[in-house]
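As they're listed, the protein sequences go chains A and B.
Under our numbering, residue 237 is the last one in the first sequence; the count climbs by one each step, no gaps.
Under our numbering, residue 352 is the last one in the second sequence; the count climbs by one each step, no gaps.
Among these hints, one or two may not hold up.
Examples of chain A residues lying across from chain B (beta carbon under 8 Å, computed) [to be verified]:
| id | residue |
| --- | --- |
| 1 | Met87 |
| 2 | His103 |
| 3 | Asp135 |
| 4 | Gln136 |
| 5 | Ser137 |
| 6 | Glu138 |
| 7 | Asn171 |
| 8 | Lys216 |
| 9 | Thr223 |
Source of the hints: derived by calculation from the structure; they are not laboratory data.
Glycine is no exception: its CB is placed at the ideal position from the N, C-alpha and C atoms.
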Amino acid sequence: MKRVLSILLITMMALTCIGAEDTSDISIPNYSMGSQIFTFRFGPEVPTFMYRPSLSPTWLTFSDTHFKVGGYGSLSYQGFLSSHLAIGGELGYLFDYDQSELFTSVPLLAKLTYIPFQGTFELPLSISMGFAYNSYDESSYLSLFTSAEVGLSYFFTESWGFTLSGGLQVIPEIYFDDKADQTTYTGFMPITLAISYRTN
Amino acid sequence: MKHIKRESYITLFLFGIILLTVGCNLDYDGIFYQVSISEETVEVGQVYLAGIDSTTLFAYTTDVGMQSYDTVSEEWTEIDTSDHISSNILPSLVSSDGTNIYFSTRSDEGENNKIYTFPMNDTDNISVHNSDYDVITFAAPFDLMLTKDSSDNYYVRRISNPATLLTTIPSGYEAVKLMAQSDDIFLLNAYTMDDDDEKEYDYFLCNGLNKSTLTLDSDEYSIRAFYVDETNDNIAVITSDETVYYDNDFDIDSDTDFTFVESDDTVSLETTTVEDSALPVITDYSSALFYIQGDNDYIYSIDSSTGEVEDVTDDYTVSVSSITIISYLYDDSTSTAYIGTIENGVYELY
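Please take these sequences and the hints and turn them into a complete structure.
Okay, here's the thing in structure tokens:
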């Protein structure tokens with residue numbers, strides 16, 4: 038994990054240097070209603086926990102979940118409602134291997150982002166909610182999907198920038214009656230590097 | 003504004019319907035539950051158990067070939083057969099007689115198979131055991147094999163001593179199948195085509211040289227598993243249409259014919275391209291109960307005295323629903339049950 042983080046940071050720093058010569062021309066934008074931002078991101082996904090209210094042990098963490106490290110990628114679009122608040126949608130793809138099979142989740146999310154600090158460096162705080170189509174072996178399940186993330190963005194031109202972000206995604210898999218004891222809330226921690234394009 | 007509100011309600015309603023219909027995952031265990039009990043893949047492929055010598059299991063594995071498995075250290079050791087055979091061993095042609103392992107490769111239609119053997123306590127000592135018969139299948143881990151002659155007559159013989167003939171199935175049958183419970187108790191089923199071009203099965207249960215004909219309500223389906231409770235004179239069979247038949251007044255030592263009762267319960271079996279393939283029967287041979295892995299890899303107990311079927315998947319310490327059992331071996335000396343799996347190696351079931 039340390040290696041992955043190091044690679045992401047080094048990549049970000051390198052890209053920062055590439056864009057550095059243009060920074061004198063950057064005019065720091067202040068978002069306003071109607072501003073837009075497009076983002077493509079990807080990165081590793083760390084299985085964090087499984088919470089099983091009716092099973093013992095109730096909590097499984099990291100490798101005890103039997104998930105290995107996977108990945109998450111997404112495309113998102115957001116429009117600004119005000120100078121600090123953007124709303125939009127995100128289509129993602131999450132994958133993770135357990136001991137032998139592949140688990141995938143395709144979330145479609147409504148995303149709300151608050152950006153308290155703006156300019157060359159930004160600090161986007163996002164919450165997302167929607168549903169996801171989950172598949173594993175021969176099973177499939179349409180679930181809710183929630184996410185909370187914090188990022189650090191650097192815009193190396195007026196329009197283009199990178200964001201390193203991390204957070205927590207939770208997929209509740211809820212059952213009733215005979216399978217109620219298999220109800221499980223699973224958390225994943227995505228650590229992603231994004232490239233963003235913004236217009237005012 | 004009212005329009006927007008109504009559309010929002012409709013969207014939420016449709017979303018709810020989708021969640022309820024697609025989200026249910028009715029046929030399988032919960033996804034994250036399955037992940038949490040998943041077992042690690044073992045890189046040996048499918049494991050066909052053939053015999054045991056003390057704490058060493060012998061098996062044919064599809065990714066490696068003949069191997070031994072130390073049940074204490076849980077380590078696999080390849081048995082090099084490359085000096086003797088050039089083609090792959092067939093999983094259905096591996097078995098033992100309690101002292102030696104026997105294996106063979108595919109032969110051309112009508113040609114005899116060369117059967118190889120090695121003692122379980124001397125795996126380097128591989129030799130040709132016999133090449134006088136066209137072998138259809140062995141019945142691992144028992145000392146039985148099904149052979150065919152040039153006139154399409156079928157014979158059940160001892161592998162260790164092929165001249166010992168146990169029973170004969172006359173020509174005219176197609177797809178003769180051999181399943182065994184011990185060196186002596188075995189079942190044969192085969193079909194002929196009737197005037198409407200439909201399969202008509204005959205079932206023969208043998209105890210050594212005794213042969214009984216079994217009569218089921220329907221003869222359209224092959225038997226995929228059987229179990230004889232010798233202690234209590236019960237027998238049950240499961241046919242490929244998932245029906246359970248039983249007879250609780252069965253005499254294994256008789257060579258008379260027996261008519262079975264159809265159980266009210268059925269066993270939900272995994273859909274397979276080989277719908278007639280024999281299922282591993284899990285049992286310690288000491289009670290009326292035997293066990294089958296069915297659909298979703300659930301384990302079902304079948305009571306051979308009543309035909310009752312019960313899901314007992316959760317009764318095992320091994321996460322049986324996350325592995326697929328392909329072979330079974332019971333070590334009578336230690337009362338230990340071993341299962342060979344599709345991709346997870348070997349487990350001690352109890």
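Less than 8 Å between beta-carbons is the criterion; does Lys216 of chain A satisfy it with respect to chain B? holds (6 Å)
When the nearest CB of chain B is found for His103 of chain A, is that gap smaller than 8 Å? Since chain B brings a Cβ to about 5 Å from His103 of chain A, closer than 8 Å, the hint holds.
Interface hint outcome for Ser137 of chain A [beta carbon to chain B under 8 Å]: holds (4 Å)
Per-residue hint verdict: Asp135 of chain A, partner chain B, C-beta under 8 Å: holds (4 Å)
Does Thr223 of chain A pass the interface check with chain B, least Cβ-Cβ distance below 8 Å? At about 5 Å, which falls below the 8 Å cut-off, the nearest Cβ of chain B leaves the hint on Thr223 of chain A intact, so it holds.
Can we keep the Met87 of chain A interface hint, with Cβ of chain B closer than 8 Å? holds (6 Å)
Evaluation of the interface hint that places Asn171 of chain A against chain B, nearest CB under 8 Å: holds (6 Å)
Hint check: 8 Å Cβ-Cβ cutoff, Glu138 of chain A to chain B: holds (7 Å)
Does the interface hint hold: is Gln136 of chain A within less than 8 Å of chain B, judged Cβ to Cβ? Holds, about 4 Å.
The structure shown violates none of the earlier numbered hints.
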